[in-house]
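**Student:** Chains as they are written, first to last, in the numbering used here: chain A, 630 to 964; chain B, 630 to 964.
Derived from the structure by calculation, the hints contain no laboratory data.
Treat the hints with care, since some could be wrong.
Because identical chains cannot be distinguished in the list, a pair is counted as satisfied if it fits within a single copy or across any two copies.
[Unchecked claim] Straight-line alpha carbon distances no greater than 25 Å define the calculated SDA-like cross-link-like pairs of lysine to any residue that follow:
1. Lys864 <-> Ala690
2. Lys908 <-> Glu798
3. Lys780 <-> Arg823
4. Lys904 <-> Met728
5. Lys912 <-> Gly805
6. Lys780 <-> Glu760
7. Lys807 <-> Gly920
8. Lys904 <-> Leu918
9. Lys849 <-> Asn645
10. Lys659 <-> Asn800
11. Lys921 <-> Arg809
12. Lys659 <-> Asp834
13. Lys849 <-> Asp689
14. Lys660 <-> Arg802
15. Lys908 <-> Arg808
16. Lys659 <-> Glu837
17. Lys807 <-> Ala916
18. Lys912 <-> Cys806
19. Lys912 <-> Phe788
There are 2 protein chains.
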Amino acid sequence: MKESEYTIGIDIGGTNTTLGIVDEYGRCVKKSNFSTSACKDAGEFISSLVFSIHGLCSIDAREVQPLGIGIAAPAAQYREGIIQSPANLLWGTINIAEMLKQHYDLPIAVINDSNAVALGEMNFGLAQGMENFVALTLGTGLGAGVVVDGKLVTGENGFAGELGHVIVEPNGRMCGCKRRGCVETYVSATGICRTAFELLASELDASELRTVPYNELTAKKLYDFAAAGDILALKAFEITGVIFGRMLANVVASFDSEAIILSGGLVNAGELLLKPTLKAFDKHVLASLRGKVAVLPSRFSDGEGAILGASSIVNAREPVYASSGYETHEGGKYA
Amino acid sequence: MKESEYTIGIDIGGTNTTLGIVDEYGRCVKKSNFSTSACKDAGEFISSLVFSIHGLCSIDAREVQPLGIGIAAPAAQYREGIIQSPANLLWGTINIAEMLKQHYDLPIAVINDSNAVALGEMNFGLAQGMENFVALTLGTGLGAGVVVDGKLVTGENGFAGELGHVIVEPNGRMCGCKRRGCVETYVSATGICRTAFELLASELDASELRTVPYNELTAKKLYDFAAAGDILALKAFEITGVIFGRMLANVVASFDSEAIILSGGLVNAGELLLKPTLKAFDKHVLASLRGKVAVLPSRFSDGEGAILGASSIVNAREPVYASSGYETHEGGKYA
């Protein structure tokens, strides 16, 4: 019997880092995670990472040697292997590929986290066989990975697909990117909480939300309030869905995608978010595309899409790698 | 001396149809045009077209045999060779490739007019050698052709790149597409006139515009008023530029393009439009892309980009064709 081939996929988030060891069929056979924010500097973070990878490589009491390590991170620059001081990581710009290479004599590649999710869906998820789709992740922000003609759209400088930073409200809400009115300030786990607080100010309905400080409100809590019938919490989902549906209409006017695949914490709200979203999408989509675009919640469990996608960028075996269309010849991608 | 190779490029507009015969260096050596709207049906239109093509093929008192005919038209479906009853042509859906084939035993291909402009820029214009750019045409509407990794983005159904129909103002102005708030209702030759009339209502400044009926105002007249110092006309350009600049910021957040190439009647306003556009673009563009995107008025004379681009889709010689990345294997493109 042929032995399995494994790769490591890592998803670095501002709060947690999750990682897994993935077999050649795209199954994440073992996972682990640690607190990113508890690491006081990049050195400590790398130590934690090496420790976790070591743990993953022990499968069924046997040590396995992975083929490579793929890393998904916010603001990752796949052409240079670096993570460029993202807003929610406090280490400044680090060359994570170089740092890890001191521990492993393996191919190591870096990719933007939202693009990793898109590759995960394309290689192992709902987008298998699709040529044109967009993967959106509604977490703290609104991340996007765009695939056109079977290939990830990275753009001239590696910054394409920043769909969460499309401005939908001139002079709107302040965004982490220092501009105002980006769609992620409305459509994300944090955006919906901001909408809830706007409603507390504009409306007079009684609401359990009036007892919660801003810093303690989460999308999950908001969901629980809405599920219990809280009028303002319900309204926050309704408003978010309307803005989201309009955004999806704009996305398909740009890309004419076959499908939009949704993941991230806020998507766990299910129908509460999806119903108003699909209604607004159907209302606003171009007539020529009405009924032609599938809006699908991902089937991956939380964060697994990014791990699988990250693992696939160092997996050189044909079907997985080629279908990703992810080019490696651009020098500097492998550390 | 090798004989020149020619192709015919046709740009069908709602008012006029312009066509030219193009040599292998992308020079439009002879041009003609006729009134589209004066043709009472598709049959009469085809007759006018055949007559005009005949005229173009007589060069220096010599009959030349073109290699093919490329047709740019609004709402053209390149996969099926048909023009799908566009709003401003009154013939319903016609298979123009089939109709012309009864007159010519030549490869005949059809392409969306905005995509033709992008191919014209890529093969013969300012975008030569560029891998990622967007061509925008500000005429009656706002057309767009998007090139990613050297290839035209057509999307799943051939409708990608409808950037003029991105909704920027929920419940905004009525658009020809039957939806409200599309950016082309603000940023186009007609959009700026609508803005001028909005200003007549909202402001009290004296203005020559107050003597002109809605049906008689054109972007050219508005330009003349502005050049003569009319306050409201100037303000209309200012407002249009601000909306346009914000749109460009959103376009590069999506595509991370190296350049945006502008053509169409409204662009002839020059600095009057470009100055506020570039200012707003610089203000709203993502910090990671600031200073990295060239916004360039096309060097083609009016309408020539579409003719050149249309001619290039039936030109099978390597450099032009291959660099266009325009695929022909999708069955049905050639009539």
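**Student:** For which of the previously enumerated hints does the structure constitute a violation, in increasing order of number?
**Tutor:** Of the numbered hints given earlier, those the structure breaks are 1, 3, 4, 10, 12, 13, 14 and 16, listed in rising order.
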